[in-house]
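Engineer: Below are the chains, spelled out letter by letter.
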Amino acid sequence: KAGVTQTPRYLIKTRGQQVTLSCSPISGHRSVSWYQQTPGQGLQFLFEYFSETQRNKGNFPGRFSGRQFSNSRSEMNVSTLELGDSALYLCASSYGQSSTYGYTFGSGTRLTVV
Amino acid sequence: EDQVTQSPEALRLQEGESSSLNCSYTVSGLRGLFWYRQDPGKGPEFLFTLYSAGEEKEKERLKATLTKKESFLHITAPKPEDSATYLCAVRSGGGADGLTFGKGTHLIIQP
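Chains as they are written, first to last, in the numbering used here: chain G, 1 to 114; chain S, 1 to 111.
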């Protein structure tokens with residue numbers, strides 16, 4: 001059974017640019033969450049989508065946005081990149097919204113802003 | 001606001017030397033406490049979910065326990081392949097704000 005797939009694995013962008021990251025969840029999983037991981041702050045919740053609707057949002061500026069498609073695949077976008085946006089961005093999928101279901105993480109996209 | 005504190009930040013053990021990792025939490029209505037293992041360059045790998053005080057779960061050399069204020073991850077007779085960062089996370093209330101993670105414990109098992 002295929003796991004959570006994130007593309008690309010690595011990305012280098014220039015300050016001020018925008019970037020789009022992609023996540024394909026495990027087949028049958030309808031919930032997709034996004035997290036930012038940095039050495040200083042650890043893992044921080046960005047947002048969660050279920051059935052194409054954003055259900056929860058973390059404490060990040062509006063430059064961070066996302067969407068989910070009808071096939072449950074999700075994308076997140078960061079506009080006007082800042083140096084502090086350099087991080088590992090992780091996607092997690094789950095069958096449902098309840099914590100009864102486990103969350104499976106992908107390997108992440110390593111974003112470097114220069 | 002939910003908070004998760006893990007200790008110690010780092011732990012170095014000899015192969016076979018058992019120990020415990022701690023995860024203290026404050027949350028309004030626990031809906032699940034999660035333990036993950038993360039290897040360098042990879043995403044977190046799910047280990048356990050605990051839901052109520054007194055609950056215990058085991059997997060190979062790992063055993064997770066839960067009280068009303070903290071969780072422990074006990075590692076019995078660890079092997080070098082158990083070296084990783086162990087992350088604890090909680091989900092509260094109606095599930096708002098996703099998972100709240102601790103900073104993790106970096107565990108090194110020396111042969």
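Don't take each hint at face value.
Heads up, simulated DSS-like pairs for lysine-lysine below, C-alpha to C-alpha not over 27 Å straight-line [as the list claims (entries may be wrong)]:
1. S:K42 with G:K13
2. S:K42 with S:K63
3. S:K69 with S:K59
4. S:K59 with S:K79
5. S:K69 with S:K57
6. S:K68 with S:K57
7. G:K57 with S:K63
8. S:K59 with S:K103
9. G:K57 with S:K103
10. S:K42 with S:K68
11. S:K79 with S:K42
12. G:K57 with S:K79
No lab work stands behind these hints: they were computed from the structure.
Engineer: Given the hint that K42 (chain S) pairs with K13 (chain G), does the C-alpha gap stay at or below 27 Å?
Structural biologist: 21 Å, holds
Engineer: Between K59 (chain S) and K103 (chain S), is the straight-line Cα distance small enough, at 27 Å or below?
Structural biologist: Holds - the C-alpha atoms of K103 (chain S) and K59 (chain S) are around 23 Å apart, at most 27 Å.
Engineer: Is the hinted pair K68 (chain S) and K57 (chain S) satisfied, with a Cα-Cα distance of at most 27 Å?
Structural biologist: It holds: about 16 Å lies between the C-alpha atoms, which stays within 27 Å.
Engineer: Holds or violated: are the alpha carbons of K42 (chain S) and K68 (chain S) at most 27 Å from each other?
Structural biologist: 31 Å, violated
Engineer: Against the 27 Å threshold, does the CA-CA distance of K69 (chain S) and K57 (chain S) hold or violate the hint?
Structural biologist: 17 Å, holds
Engineer: For K69 (chain S) and K59 (chain S), compute the direct alpha-carbon distance and say whether it is at most 27 Å.
Structural biologist: Cα-Cα ~22 Å, so holds.
Engineer: Check the hint pairing K57 (chain G) with K79 (chain S) against an upper bound of 27 Å on the C-alpha distance.
Structural biologist: 39 Å, violated
Engineer: Is the Cα-Cα distance between K57 (chain G) and K103 (chain S) 27 Å or less?
Structural biologist: 20 Å, holds
Engineer: Does K42 (chain S) sit within 27 Å of K79 (chain S), going by the straight-line distance between their CA atoms?
Structural biologist: Judged against 27 Å, a Cα distance of about 20 Å means the pair holds.
Engineer: With the threshold set at 27 Å, check whether the alpha-carbon distance from K57 (chain G) to K63 (chain S) stays at or below it.
Structural biologist: 32 Å, violated
Engineer: Given the proposed pairing of K42 (chain S) with K63 (chain S), does the C-alpha separation stay at or below 27 Å?
Structural biologist: The given pair, whose Cα atoms are some 23 Å apart, holds under the 27 Å limit.
Engineer: Does the structure keep K59 (chain S) and K79 (chain S) at a Cα separation of 27 Å or less?
Structural biologist: 14 Å, holds
Consistency with the previously given hints fails for numbers 7, 10 and 12, ordered from lowest to highest.
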